[in-house]
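*Asks:* Please put together the full structure from these sequences, using the hints given.
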Amino acid sequence: MRIVIADDSVLLREGVVRLLREAGLDVVGRAEDVPSLWEVVAATAPDVAIVDIRMPPTHTDEGLRAARELRARYPSLGVLVLSQYVRPSYAFELLAGDARGVGYLLKDRISDLHELSDAVERVGRGATVLDPSVVAQLVGRRRPGHDPLDDLSQRERGVLALMAEGRSNRAIAEHLVITERTVEKHVAHILHKLAIPAGQEDHRRVLAVLAYLGGTGGAGPGRPAR
Amino acid sequence: MHVPADPGDGKTTTVVAHDGRRVAALVHDASLSDEPELVRAACAAAGLALENERLQAELRARVAELRASRARLVEAADAERRRLERNLHDGTQQRLVSVSMALGLAESTLDSDPAGARRIVAQARSSLGAALAQLRELSQGIHPGILTERGLGQALQELTYTAPVPVTLAVSLPRRLPEAVETALYYVAAEALANVAKHAAATAASVTVRGGGDQVVAEVCDDGTGGADPAGGTGLRGLSDRVEALGGSLTIDSSPGKGTRLRVQVPCGS
Numbered sequence: 001m002r003i004v005i006a007d008d009s010v011l012l013r014e015g016v017v018r019l020l021r022e023a024g025l026d027v028v029g030r031a032e033d034v035p036s037l038w039e040v041v042a043a044t045a046p047d048v049a050i051v052d053i054r055m056p057p058t059h060t061d062e063g064l065r066a067a068r069e070l071r072a073r074y075p076s077l078g079v080l081v082l083s084q085y086v087r088p089s090y091a092f093e094l095l096a097g098d099a100r101g102v103g104y105l106l107k108d109r110i111s112d113l114h115e116l117s118d119a120v121e122r123v124g125r126g127a128t129v130l131d132p133s134v135v136a137q138l139v140g141r142r143r144p145g146h147d148p149l150d151d152l153s154q155r156e157r158g159v160l161a162l163m164a165e166g167r168s169n170r171a172i173a174e175h176l177v178i179t180e181r182t183v184e185k186h187v188a189h190i191l192h193k194l195a196i197p198a199g200q201e202d203h204r205r206v207l208a209v210l211a212y213l214g215g216t217g218g219a220g221p222g223r224p225a226r
Numbered sequence: 001m002h003v004p005a006d007p008g009d010g011k012t013t014t015v016v017a018h019d020g021r022r023v024a025a026l027v028h029d030a031s032l033s034d035e036p037e038l039v040r041a042a043c044a045a046a047g048l049a050l051e052n053e054r055l056q057a058e059l060r061a062r063v064a065e066l067r068a069s070r071a072r073l074v075e076a077a078d079a080e081r082r083r084l085e086r087n088l089h090d091g092t093q094q095r096l097v098s099v100s101m102a103l104g105l106a107e108s109t110l111d112s113d114p115a116g117a118r119r120i121v122a123q124a125r126s127s128l129g130a131a132l133a134q135l136r137e138l139s140q141g142i143h144p145g146i147l148t149e150r151g152l153g154q155a156l157q158e159l160t161y162t163a164p165v166p167v168t169l170a171v172s173l174p175r176r177l178p179e180a181v182e183t184a185l186y187y188v189a190a191e192a193l194a195n196v197a198k199h200a201a202a203t204a205a206s207v208t209v210r211g212g213g214d215q216v217v218a219e220v221c222d223d224g225t226g227g228a229d230p231a232g233g234t235g236l237r238g239l240s241d242r243v244e245a246l247g248g249s250l251t252i253d254s255s256p257g258k259g260t261r262l263r264v265q266v267p268c269g270s
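Taken in sequence, the protein lines are chains A and B. The first sequence begins at 1 in our numbering and counts up one residue at a time. The second sequence begins at 1 in our numbering and counts up one residue at a time.
Possibly wrong hints are sitting among the right ones.
[Claimed, not checked] So the derived list for chain A, only partly shown, Cβ under 7 Å to chain B, looks like this:
#: 1; residue: Pro144
#: 2; residue: Pro148
#: 3; residue: Arg170
[What the hints assert, rightly or not] Output of the computed footprint for chain B on chain A, the stretches with three or more beta carbons under 8 Å from beta carbons of chain B:
#: 4; region: 132-142
#: 5; region: 201-211
Quick caveat, the hints were computed from the structure, so don't treat them as lab data. These numbers come from a predicted model, not from an experiment. Don't be surprised by glycine CBs; every beta carbon is placed ideally from N, CA and C.
*Replies:* Listed below in structure tokens is the structure:
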């Protein structure tokens, strides 16, 4: 897998490069701001671009906007956005409309080689990656009235969280060390509880689950941020 | 003050009125009743002088209030800095010190006990993760980036994700508000929600923000036990000061058993 990395911090950029190489992945380009990121992507045609959310000049959300524009221009490019903060709003913006081949990860997460290569690989093959901390915040939030999530078993809540992270049934089964068949049963029950249509592909499923979790308060599906 | 209509001793009373209010009584020689112009002039002069006095006293009181409010705002800012310094010292700094020590230990036992060293390094990484989480939280308390970057609506939405009680949110703002207003309203909501959990034994809260025209109105309501002291503790007073500094007002409506409603009104002229 061919990867480019964009981050204005030399320390972080080179740290990630080292980790990626250690994981046996191929780093084909580096950028320190958004214009050079575009140049590098055009020049090297990578499979995945890892982009820091905060980039020059304002150091707020340049990386996020660049990620969306890159995906629009290069639909087969996977983009993994890195952030220091748990910002469900930004995660929703990033995933809005099409969750294929895109990810939002906390920088803490990538200090673990396995987590980093796992996320890159998933984004590279068109899956969705959402940091567990973001998911935990959304799953754990207090909901008014009767919360359907309270009717789920501990195991089912675990499955729900993994679904919200963008994982496939098979990955969930591996993660929880149960059979895929068991996962399918749990998933069916959860989707029914949350009134989410079953039978969707993973990338649509994750959007539906997140829309539910991130709603404006009150039961039922909410809407992801604009 | 009782003024005799007939003071006796050759004197009589004329009441001085200003703006329809009785402000003074002129006790004068009865013979002056034959010179109404003189009496009227004296009354007018007295009326003006008294009105002046009243206005000055009001002004003095206002200035004193403003001074006190300003002092409270400065003290609140200082108290916040002290709190941050303590948090950083006791929390994050401690953790980083222990990570540094762990790494030192790992370095020195790398050859003699590689398995042990690896375990220590793993622990150090875990400690660092906790330190990072702590810093994130602190940072969020100093300034929630999402407020500046996406505005009040989004910032309030994120607040509902971590609020201690379920929150129903309704925001209707035709455009972004001035930064100072957004910041004040955000902290009002954050503090109000934190209070709900601490004092009110509530099961749910709602936050509504409506803007448009030249003012914005925000309300935080809960279904708790009510009976909040309208004078409020220092937390609420700090919010009041913030809001009033922007020319706005904060009111609390809290009858025992009927929950609490906190209402903030801030002008934000176009």
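*Asks:* The structure should be examined with respect to each hint, and the outcome stated for every one.
*Replies:* Checked hints:
Satisfaction of the interface hint for Pro144 (chain A) is found here, the shortest Cβ-Cβ separation to chain B being roughly 4 Å, below the 7 Å cut-off. The beta carbon of Pro148 (chain A) is not positioned within 7 Å of any beta carbon in chain B (closest approach about 13 Å), and the interface hint is therefore violated. The restraint placing Arg170 (chain A) at the interface with chain B is violated, with a minimum CB-CB distance near 28 Å, outside the 7 Å limit. Under a criterion of three residues with beta carbons nearer than 8 Å to beta carbons of chain B, the stated coverage of the region 132-142 of chain A is upheld, 4 such residues being counted.
Counting residues of the region 201-211 of chain A whose beta carbon lies closer than 8 Å to any beta carbon of chain B gives 0, which falls short of the minimum of three for the stated coverage.
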